[in-house]
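Engineer: Here the protein sequences come in this chain order: A and B. So for the first sequence, my numbering puts the first residue at 223; every next one is plus one. So for the second sequence, my numbering puts the first residue at 133; every next one is plus one.
These are calculated hints, taken from the structure and not from any lab test. Careful, some of the hints might be misleading.
[Unchecked claim] Below 27 Å or equal to it, Euclidean Cα-Cα: the simulated BS3-like pairs (lysine-lysine) are:
| no. | chain 1 | residue 1 | chain 2 | residue 2 |
| --- | --- | --- | --- | --- |
| 1 | A | LYS239 | A | LYS285 |
| 2 | A | LYS281 | B | LYS174 |
| 3 | A | LYS293 | A | LYS225 |
| 4 | A | LYS279 | A | LYS293 |
| 5 | A | LYS225 | A | LYS279 |
| 6 | A | LYS281 | A | LYS293 |
| 7 | B | LYS189 | A | LYS225 |
| 8 | A | LYS279 | B | LYS174 |
| 9 | A | LYS285 | B | LYS174 |
| 10 | A | LYS239 | A | LYS293 |
| 11 | B | LYS215 | B | LYS174 |
| 12 | B | LYS174 | A | LYS293 |
| 13 | A | LYS225 | B | LYS174 |
| 14 | A | LYS293 | A | LYS277 |
| 15 | A | LYS225 | A | LYS285 |
| 16 | A | LYS281 | A | LYS239 |
| 17 | B | LYS174 | B | LYS189 |
[To be verified] Quick partial rundown of chain A residues pointing at chain B, CB under 7 Å, derived from the structure:
| no. | residue |
| --- | --- |
| 18 | PRO262 |
| 19 | ARG264 |
| 20 | PRO266 |
| 21 | PHE268 |
| 22 | LEU271 |
| 23 | ALA320 |
| 24 | ASN322 |
| 25 | PHE325 |
[Unchecked claim] Listed below are several chain B residues computed to face chain A (Cβ distance under 7 Å; list not exhaustive):
| no. | residue |
| --- | --- |
| 26 | ILE170 |
| 27 | LYS174 |
| 28 | SER180 |
| 29 | GLU188 |
In this text, a Cβ means the ideal position worked out from N, Cα and C, and glycines have one as well.
Residue-level listing of the chains:
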Amino acid sequence: SQKIEQNSEALNIQEGKTATLTCNYTNYSPAYLQWYRQDPGRGPVFLLLIRENEKEKRKERLKVTFDTTLKQSLFHITASQPADSATYLCARRDPAGANNLFFGTGTRLTVIP
Amino acid sequence: EPEVTQTPSHQVTQMGQEVILRCVPISNHLYFYWYRQILGQKVEFLVSFYNNEISEKSEIFDDQFSVERPDGSNFTLKIRSTKLEDSAMYFCASAPLDSRTQYFGPGTRLTVL
Numbered sequence: 223s224q225k226i227e228q229n230s231e232a233l234n235i236q237e238g239k240t241a242t243l244t245c246n247y248t249n250y251s252p253a254y255l256q257w258y259r260q261d262p263g264r265g266p267v268f269l270l271l272i273r274e275n276e277k278e279k280r281k282e283r284l285k286v287t288f289d290t291t292l293k294q295s296l297f298h299i300t301a302s303q304p305a306d307s308a309t310y311l312c313a314r315r316d317p318a319g320a321n322n323l324f325f326g327t328g329t330r331l332t333v334i335p
Numbered sequence: 133e134p135e136v137t138q139t140p141s142h143q144v145t146q147m148g149q150e151v152i153l154r155c156v157p158i159s160n161h162l163y164f165y166w167y168r169q170i171l172g173q174k175v176e177f178l179v180s181f182y183n184n185e186i187s188e189k190s191e192i193f194d195d196q197f198s199v200e201r202p203d204g205s206n207f208t209l210k211i212r213s214t215k216l217e218d219s220a221m222y223f224c225a226s227a228p229l230d231s232r233t234q235y236f237g238p239g240t241r242l243t244v245l
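Just chain A, with the same shape it has in the complex (with noise of 0.2 Å):
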């Protein structure tokens, strides 16, 4: 079966600084990868999707790559703020073609004023 790995449980981070997550996964390459954000107690908002041949995807602040040759997805979250902290999850279709969502474990984002 797949599996994405988020490596890092817990990110600290100044604010203004850019925050950096990484995302593995294993076996084939996805067709595309998706950034949620959850906050406590809430359910996954969707950030960012990035297909398979896309290098680089911006919004605002955030920035995503996909490199099948790493197997790996970056998110970057430029100039953080203390309102950027959250669990950040990535997620890939599980099985190929299907619709639902596989999540990582995520990773815990906290910005330090």
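Go by the hints and put chain B onto chain A.
Structural biologist: Relative to the frame of chain A, chain B by itself:
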């Protein structure tokens, strides 16, 4: 902006009792999902529903679980005989036909005593 809603926000039940968790997906969406998240663990797929039938289900979704779309707006998850290990947050999600993005509700916290 339209949102997925879920009721109740918190449900406490005795082991062996039946529970029904309710969801109102976004009105023009056609795909519906249930996920669960045990405290401190990752979000796990349970079941997807399209065109009035289950399209995919996970190993977690055994005979104790069922889903229904009783009318044009509600989408329910029933657990026939709850176990202690069913205690979790249950998230409903919906998606339109032409999108890979899923929109999650705020969740129902189920506590089985």
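Engineer: Hints first: check each against the structure and report whether it holds.
Structural biologist: Now for the hints, and whether the structure bears them out:
1. A:LYS239 <-> A:LYS285: 14 Å, holds
2. A:LYS281 <-> B:LYS174: OK: A:LYS281 and B:LYS174 at ~25 Å, within 27 Å.
3. A:LYS293 <-> A:LYS225: 11 Å, holds
4. A:LYS279 <-> A:LYS293: Holds. A:LYS279 to A:LYS293 sits at ~16 Å (cutoff 27 Å).
5. A:LYS225 <-> A:LYS279: 23 Å, holds
6. A:LYS281 <-> A:LYS293: Given that 27 Å is the threshold and the Cα spacing comes to 22 Å, the pair holds.
7. B:LYS189 <-> A:LYS225: The hint holds at about 18 Å.
8. A:LYS279 <-> B:LYS174: Holds - the C-alpha atoms of B:LYS174 and A:LYS279 are around 25 Å apart, at most 27 Å.
9. A:LYS285 <-> B:LYS174: 23 Å, holds
10. A:LYS239 <-> A:LYS293: 26 Å, holds
11. B:LYS215 <-> B:LYS174: With Cα atoms ~19 Å apart, B:LYS215 and B:LYS174 stay inside 27 Å; holds.
12. B:LYS174 <-> A:LYS293: Given pair B:LYS174, A:LYS293 holds - Cα atoms ~20 Å apart, limit 27 Å.
13. A:LYS225 <-> B:LYS174: 12 Å, holds
14. A:LYS293 <-> A:LYS277: Since the Cα atoms of A:LYS293 and A:LYS277 sit roughly 12 Å apart, the hinted pair holds (cutoff 27 Å).
15. A:LYS225 <-> A:LYS285: 23 Å, holds
16. A:LYS281 <-> A:LYS239: Distance ~17 Å between A:LYS281 and A:LYS239 Cα, so the pair holds.
17. B:LYS174 <-> B:LYS189: 17 Å, holds
18. PRO262: 11 Å, violated
19. ARG264: Hint on A:ARG264: holds, closest Cβ of chain B at ~6 Å, below 7 Å.
20. PRO266: Interface hint status for A:PRO266: holds (5 Å vs cutoff 7 Å).
21. PHE268: This interface hint holds because 5 Å falls under the 7 Å limit.
22. LEU271: 6 Å, holds
23. ALA320: Interface hint status for A:ALA320: holds (5 Å vs cutoff 7 Å).
24. ASN322: Holds: closest Cβ of chain B sits about 4 Å from A:ASN322, inside 7 Å.
25. PHE325: This interface hint holds because 4 Å falls under the 7 Å limit.
26. ILE170: B:ILE170 check fails; min Cβ-Cβ to chain A is 12 Å, beyond 7 Å.
27. LYS174: Result: holds, 5 Å to nearest chain A Cβ.
28. SER180: 5 Å, holds
29. GLU188: 5 Å, holds
The structure fails hints 18, 26 (numbered hints given earlier, in ascending order).
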